[in-house]
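Take a look at the letters that make up each chain.
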Amino acid sequence: MAKIEKYIPIVGQPIIDDLKLIAEKLKGKSIQHINSTSVGGGVAEILNKMVPLMIDLNVDTRWDVIKGGEKYFDITKKFHNALHGKQEDITKDEFDIFMETSRKNMEEITNYSDIVFVHDPQPIVLINKKTNNKWIWRCHVDVSNPDKKVWKFLMDFIPKYNAAVFSAPSYSQQNFPIRQFLIAPSIDPLSDKNKELPQGYIDSVLTKYGIIKDKPMVTQISRFDRLNDPVGVIDAYIEKKKYIDCQLILAGGTAADDPEGIKVFEEVKEKAAKDKDIHILLLSHSDLEVNALQRASTIIIQKSLKEGFGLTVSEALWKSKPVVASNVGGIPLQITHKHSGLLCHSIDGAAFAIKQLLNSPEYAKKLGENGREHIKNNYLITRHLKDYLLLFISLYHSEDIVYL
Amino acid sequence: MSEIKNAQEPFRFYTRLHLTELTGLKAANLEQLVELIKNVPGSSIYHHTHKFLQQHQYLSPEPPNDFAYWVTEILGEDDLGERLASVDTIQFTTIRSLREKIMLTIEDYIKEKPSVKNRFANINDEFHFVKSISFILPTNYYAYNLKEFAEVLRKITIDSIYFHIFEARLRLEKGINDFSNWVENSIEDKELAKKISKLDPYTYTLDALRKKLIEIIEKKAGY
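Top to bottom, those sequences are chains A and B. For the first sequence, our numbering begins at 1 and goes up steadily by one. For the second sequence, our numbering begins at 1001 and goes up steadily by one.
Read the hints as simulated data drawn from the structure, not as lab findings. Values in this document were obtained by computation on a predicted structure and should not be read as measured data. For every residue, glycine included, the Cβ atom is placed at its ideal position computed from N, Cα and C. Wrong hints could be hidden among the right ones.
[Said to hold, decoys possible] With a Cα cut of at most 35 Å, we get these calculated DSBU-like pairs of lysine-lysine:
1. A:K338 / B:K1101
2. A:K25 / B:K1051
3. B:K1038 / A:K152
4. A:K20 / B:K1155
[Said to hold, decoys possible] Computed, partial: chain A to chain B, Cβ under 7 Å:
5. L21
6. P169
7. S172
8. F176
9. I178
10. L182
11. Y243
12. V328
13. H337
14. L390
15. Y396
16. S398
17. D400
18. V402
19. L404
All chains should be built: construct the whole structure from the sequences, respecting the hints.
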């Protein structure tokens, strides 16, 4: 069971005291999270951390998961892609299946809490069970440019909620019928991906993958897909390698059901074969190794073409690493250009920034230190928890200044 | 060692926590920006002139407000960015007057350089207006004299210092920060109250401000 006290050495006693003060204000209120899966990354990963911490703070919290068959989840995957702006052909039959499964879930899930917190589009129809309690819709998806048909469908349900939550300002909607809040995701400093590691373990990971310890390491950790632009990263590396000797590490996984991802991985391998200092590492579910690679790196890159929030940036900054990342999605929230990292818009821009940081280690160090402070103050799970508790309280107040 | 003077009324420390609410309003050029600055709620102006301070509390010297940052980094208008960053927030006792100053600064610049109206931000780089919802809670910390006051200052969150110094003065329109008010009226030390109110908190990081306050109080009280 996660204990809030374990975060005191990281964020300090006063932050935990504040969380306890807010939690007290929720005495007598019950919270019910609903999403579509209890396992894996994304929402389930957040809730697996968040729910026990809320309970530890004496907030009456529980978590329900909706059910659905393979067909239903294929359709919701299409919804997900369409909300990201991808063209998806969703038939009337598929909308009907979605509604039918939703109706079954409405029968199975009890509406018993003061506040119902629905995550993502899959359980969105459950709002039809609303009585006089409060409902929140948490959208974890980038909906800055959604497919109109799917968005219109969801808008049959969204106005019935009391509030919606988005992860970045660019996802907010003009003339939205309900209050919309900005709550960014977070990283857990105590997780395998982020906790402190012994140098011996870090060195063993480098040895395992044939990476030289005393040559600068430029690293991108991300899935091998087009949107993370691994080919562009190699181009940027080749560009600046003319001037500085260093290694490039591209590490991540591919989804077995993603033929495009496998194609990208092959392209990357082919391009990397010409240079012995490029290391392509296929990692799956090895959070400790990812942590070790990030900690061993000189610079971390995240050259995404499109991004949700881009938490790999927070992970790198938390390790005080100088970061070069694209100015897309939630990345500019994590990096203030020239203060806590460098933002770029192109391969040339990335190459220039890498060169600048490798040649100016003092500047790079300062950016990394600022970055860690920024993450400590804004993107750790304790801030996320605070925002959720305040969000619940805000449902009972419409004013901009709330005295508790 | 000086004699410890107890206050008539203890100082109760509060904290202020904030949640960000989205307005859905965005600007792509200076004309749109100034039009929205005129019309958004005061809590949005407050957010964009103070967010930097809290989110980037480690940065020194003083980081710019959001408007200055956007105008400089996105529109590339360094001259206007400098003018906006130089808006001396400490001189304003209401959000209304601060809002007017920012509007006038941008409008004057557009008059001087009308071509700037044609400069648009890219689709990912627009200025998104958001606002701060403040939650003000009493903490369990009290101080009956300056010694206790300095001790609590060491322990409380920067959110608490932020509330008593920035939010009370400007957003709640008290005109003076809470610390000076208590020192003057309950400790009856006008000189120390004046010293605290003369500090320009906008030129310190929040932790540096905490240290400075403790230093002034301890020096004055002779501990």
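How the hints compare with the structure:
1. A:K338 / B:K1101: Given that 35 Å is the threshold and the Cα spacing comes to 27 Å, the pair holds.
2. A:K25 / B:K1051: holds, 25 Å
3. B:K1038 / A:K152: OK: B:K1038 and A:K152 at ~32 Å, within 35 Å.
4. A:K20 / B:K1155: holds, 16 Å
5. L21: holds, 5 Å
6. P169: Nearest chain B Cβ about 3 Å off; hint holds.
7. S172: Interface hint status for A:S172: holds (4 Å vs cutoff 7 Å).
8. F176: holds, 5 Å
9. I178: With a closest approach of 11 Å, the A:I178 hint is violated.
10. L182: OK, holds: A:L182 within 7 Å of chain B, min 4 Å.
11. Y243: violated, 27 Å
12. V328: Holds, because the Cβ-Cβ distance from A:V328 to chain B comes to roughly 6 Å (cut-off 7 Å).
13. H337: holds, 6 Å
14. L390: holds, 4 Å
15. Y396: violated, 11 Å
16. S398: violated, 10 Å
17. D400: Given a least distance of 4 Å, the restraint on A:D400 holds.
18. V402: holds, 5 Å
19. L404: holds, 5 Å
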